[in-house]
Amino acid sequence: MKSLWFVIVAFFWVGFFVLEGFDFGVGMLHSFVARNDTERRVAVNTIGPTWDGNEVWLIVAGAATFAAFPLWYSTMFSAFYLALLIILLALMARGVSFEYRGKIDDPRWGTAWKWGMTLGSALVPLLIGVALGDLLHGLPINRNHTYTGSFWNLLVPYGLYTGVTLVALSLLSGATFLVLKTSGELHDRMARLARATSVGAALMVAGFVVWTGLVASRGFVPNVFAAIAVVAVLGAAWVAGNEQEGWAFALASLAMAASVATIFAQLYSNVMVSSTSPLFNITVGNAAASSYALTVMTVVACIFAPIVLAYQGWSYHVFRRRLAAPRAVVETPGRG
Amino acid sequence: MAYLGTLVVLFALWGAYLAVRRRLDRSKWFQRAAIYAVVTPFLMTIAGWLLTENGRQPWIVQGLMKTSQGVSPSVSSTDVWISLIAFAAIYVVFGIADAYLMIRYGRKALEEEPDEERAKEPERADVPAVVY
Numbered sequence: 000m001k002s003l004w005f006v007i008v009a010f011f012w013v014g015f016f017v018l019e020g021f022d023f024g025v026g027m028l029h030s031f032v033a034r035n036d037t038e039r040r041v042a043v044n045t046i047g048p049t050w051d052g053n054e055v056w057l058i059v060a061g062a063a064t065f066a067a068f069p070l071w072y073s074t075m076f077s078a079f080y081l082a083l084l085i086i087l088l089a090l091m092a093r094g095v096s097f098e099y100r101g102k103i104d105d106p107r108w109g110t111a112w113k114w115g116m117t118l119g120s121a122l123v124p125l126l127i128g129v130a131l132g133d134l135l136h137g138l139p140i141n142r143n144h145t146y147t148g149s150f151w152n153l154l155v156p157y158g159l160y161t162g163v164t165l166v167a168l169s170l171l172s173g174a175t176f177l178v179l180k181t182s183g184e185l186h187d188r189m190a191r192l193a194r195a196t197s198v199g200a201a202l203m204v205a206g207f208v209v210w211t212g213l214v215a216s217r218g219f220v221p222n223v224f225a226a227i228a229v230v231a232v233l234g235a236a237w238v239a240g241n242e243q244e245g246w247a248f249a250l251a252s253l254a255m256a257a258s259v260a261t262i263f264a265q266l267y268s269n270v271m272v273s274s275t276s277p278l279f280n281i282t283v284g285n286a287a288a289s290s291y292a293l294t295v296m297t298v299v300a301c302i303f304a305p306i307v308l309a310y311q312g313w314s315y316h317v318f319r320r321r322l323a324a325p326r327a328v329v330e331t332p333g334r335g
Numbered sequence: 000m001a002y003l004g005t006l007v008v009l010f011a012l013w014g015a016y017l018a019v020r021r022r023l024d025r026s027k028w029f030q031r032a033a034i035y036a037v038v039t040p041f042l043m044t045i046a047g048w049l050l051t052e053n054g055r056q057p058w059i060v061q062g063l064m065k066t067s068q069g070v071s072p073s074v075s076s077t078d079v080w081i082s083l084i085a086f087a088a089i090y091v092v093f094g095i096a097d098a099y100l101m102i103r104y105g106r107k108a109l110e111e112e113p114d115e116e117r118a119k120e121p122e123r124a125d126v127p128a129v130v131y
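Here the protein sequences line up with chains A and B, keeping their order. Just so you know, we're using numbering that gives the first Met the number 0 here: the first sequence kicks off at 0 and counts up by one. Just so you know, we're using numbering that gives the first Met the number 0 here: the second sequence kicks off at 0 and counts up by one.
Hints may contain errors.
Said to hold, decoys possible - Pair ranges (Cβ atoms, derived): (1) B:Ala108 x A:Tyr310: 33 to 41 Å; (2) A:Tyr315 x B:Val37: 32 to 40 Å; (3) B:Ser75 x A:Ala304: 32 to 40 Å; (4) B:Val79 x A:Leu3: 52 to 60 Å; (5) B:Leu49 x A:Glu242: 30 to 38 Å; (6) A:Arg142 x B:Val91: 38 to 46 Å; (7) B:Val92 x A:Ser289: 41 to 49 Å; (8) A:Gly245 x B:Tyr2: 33 to 41 Å; (9) B:Val79 x A:Leu70: 15 to 23 Å; (10) A:Leu3 x B:Leu42: 20 to 28 Å.
To be verified - One side only, chain A facing chain B, incomplete, derived with CB under 7 Å: (11) Val95; (12) Phe97; (13) Gly101; (14) Thr145; (15) Tyr146.
What the hints assert, rightly or not - Listing some non-contacts, in silico: residues in chain B with all C-beta distances to chain A over 12 Å: (16) Gly14; (17) Arg22; (18) Asp24; (19) Ser26; (20) Phe29; (21) Pro40; (22) Leu42; (23) Thr51; (24) Thr66; (25) Ser75; (26) Ala88.
It should be emphasised that the hints constitute simulated quantities derived from the structure, not laboratory data. Even for Gly, the Cβ is constructed at its ideal location relative to N, Cα and C.
Construct the entire structure; sequences and hints are all you get.
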């Protein structure tokens, strides 16, 4: 049961990065790839109806950790206190900019929210990536499972590299998603960009897989998720050049999923490694809630998870069409 | 202040009564009150939080755990100050932007009734509208 909940928590993180990854990517890209405000609006509107639903996966990941592994939650959230503060501020700036950006037709107003969205979208995957990398790399944790370092101890090279890798994968997901959802000139520009990003992302993922193997103390054991991540990102780079747009996005998502899963696969059965002493590691065994609590949660999850997945899937079905610029601006918008 | 909630329900009932009697657009007193009622939900939610959080002290979980027992040993008071000031600052910024937008939209004249001709024009219903 404890291991099952470790898998569930990992699944929520994977789901969060797959779904919100392309939202972050679009958020980061929208200020660079669009040549004018109309194109920026189209880019933002590709994720407009669904981004907030995707973001709830983050809350669920945190809440599942809280309920299933109270010790993991308390040590992790206390250790990452200031980092989480920055993540929250970034999420707020980003979330508000969706709603506010179009409310006033003023260049300064638009520019402020444009950068709010861009920076927010970049900081969140970067910092959460650092945090996930830190779990595996190890942090100074004492025998009472209390974090003894400061904010700066969180910025270890492996953690930072994990963060940058997830940002690169978010950019790739975002670019391939925009290719799928736009039309006309913006679409063609995005297709070129998706190709360029895929090469960078492939290099980052290759380095990430090797480094993760070295960091995990068990040595470089070939790991099925790591293998999938490398194959998927190379596949995405391959098909992004062949105008197979659906496949490019699917493979980019798979690469993201497998990369995040790699971290958790290497982490198990620890949940937080202690760099002070392996004896102080926080593990699935010593962090889990009582089996009664886990049983209740399993029942609840079995009932509600399918419902939530169904309506989230349905919302994508409703908003499945390609976007075109508003008619008032362009006379003959391309059709998807 | 948290009991303002009751006032809002009464206010809504008043509005519903006027709506049923089809006098909503002519009731000067109701409309005047409605302008000021805009602030009540904001006051109420804040007051409600203050009431529950203060009223529960010194417990963080009533009867089970004291607030002092819930303090994270690895979070310093400097960290708490930083986060408190940062959140206060961002809420002030967003609050000002929000108030500015609400006043701006509140003062805007009502839009014209939709033109019959344009309404008949076939919309491409399957293409999502650009709204953000």
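Results of checking the hints against the structure:
1. The beta-carbon spacing between B:Ala108 and A:Tyr310, approximately 38 Å, falls within the hinted interval of 33 to 41 Å.
2. A beta carbon spacing of about 35 Å between A:Tyr315 and B:Val37 agrees with the range 32 to 40 Å that was offered as a hint.
3. Hint check: B:Ser75 to A:Ala304, Cβ distance near 38 Å, so the stated range 32 to 40 Å holds.
4. In this structure, B:Val79 and A:Leu3 break the distance hint of 52 to 60 Å, their C-beta atoms being roughly 36 Å apart.
5. In this structure, B:Leu49 and A:Glu242 break the distance hint of 30 to 38 Å, their C-beta atoms being roughly 58 Å apart.
6. For the pair A:Arg142 and B:Val91, the beta carbons lie near 42 Å from each other, so the given range of 38 to 46 Å is met.
7. A hinted range of 41 to 49 Å holds for the C-beta pair B:Val92 and A:Ser289, which are about 43 Å apart.
8. Range check, A:Gly245 to B:Tyr2: about 56 Å between beta-carbon atoms, so the 33 to 41 Å window is missed.
9. Taking 15 to 23 Å as the suggested C-beta distance range, the pair B:Val79 and A:Leu70 conforms, at roughly 22 Å.
10. Separation of A:Leu3 from B:Leu42 is about 45 Å and departs from the stated range, judged on CB atoms against 20 to 28 Å.
11. The interface hint given for A:Val95 holds, since its Cβ lies 6 Å from the closest Cβ of chain B, which is under the 7 Å cut-off.
12. Residue-level restraint check for A:Phe97 holds (minimum Cβ-Cβ distance to chain B is 6 Å; threshold 7 Å).
13. Annotation: A:Gly101 was flagged as interfacial toward chain B, and the flag holds, the nearest CB pair being 6 Å apart, inside 7 Å.
14. The beta carbon of A:Thr145 is positioned within 7 Å of a beta carbon in chain B (closest approach about 5 Å), and the interface hint is therefore held.
15. At a threshold of 7 Å, the smallest CB-CB gap from A:Tyr146 to chain B is about 4 Å, leaving the interface hint in force.
16. Annotated as non-interface, B:Gly14 keeps its C-beta farther than 12 Å from every C-beta of chain A; the closest such distance is 26 Å.
17. The Cβ of B:Arg22 lies farther than 12 Å from every Cβ of chain A, with a closest approach of about 33 Å, so its non-interface assignment holds.
18. With 12 Å as the threshold on Cβ separation, the claim that B:Asp24 sits away from chain A holds: the shortest Cβ distance comes to roughly 27 Å.
19. For B:Ser26, the condition that its CB be more than 12 Å from all CB atoms of chain A holds, with the nearest at approximately 30 Å.
20. With 12 Å as the threshold on Cβ separation, the claim that B:Phe29 sits away from chain A holds: the shortest Cβ distance comes to roughly 28 Å.
21. B:Pro40, annotated as away from the interface, keeps every beta carbon of chain A farther than 12 Å; the closest lies near 18 Å.
22. The Cβ of B:Leu42 sits about 21 Å from the closest Cβ of chain A, beyond the 12 Å cut-off, so the non-interface label holds.
23. No Cβ of chain A comes within 12 Å of the Cβ of B:Thr51; the nearest lies about 20 Å off, and the non-interface call holds.
24. For B:Thr66, the condition that its CB be more than 12 Å from all CB atoms of chain A holds, with the nearest at approximately 15 Å.
25. Against chain A, the non-interface label of B:Ser75 is violated: not every CB pair exceeds 12 Å, the least being about 9 Å.
26. With a cut of 12 Å on Cβ distances, B:Ala88 falls inside the contact zone with chain A, its closest approach being about 9 Å.
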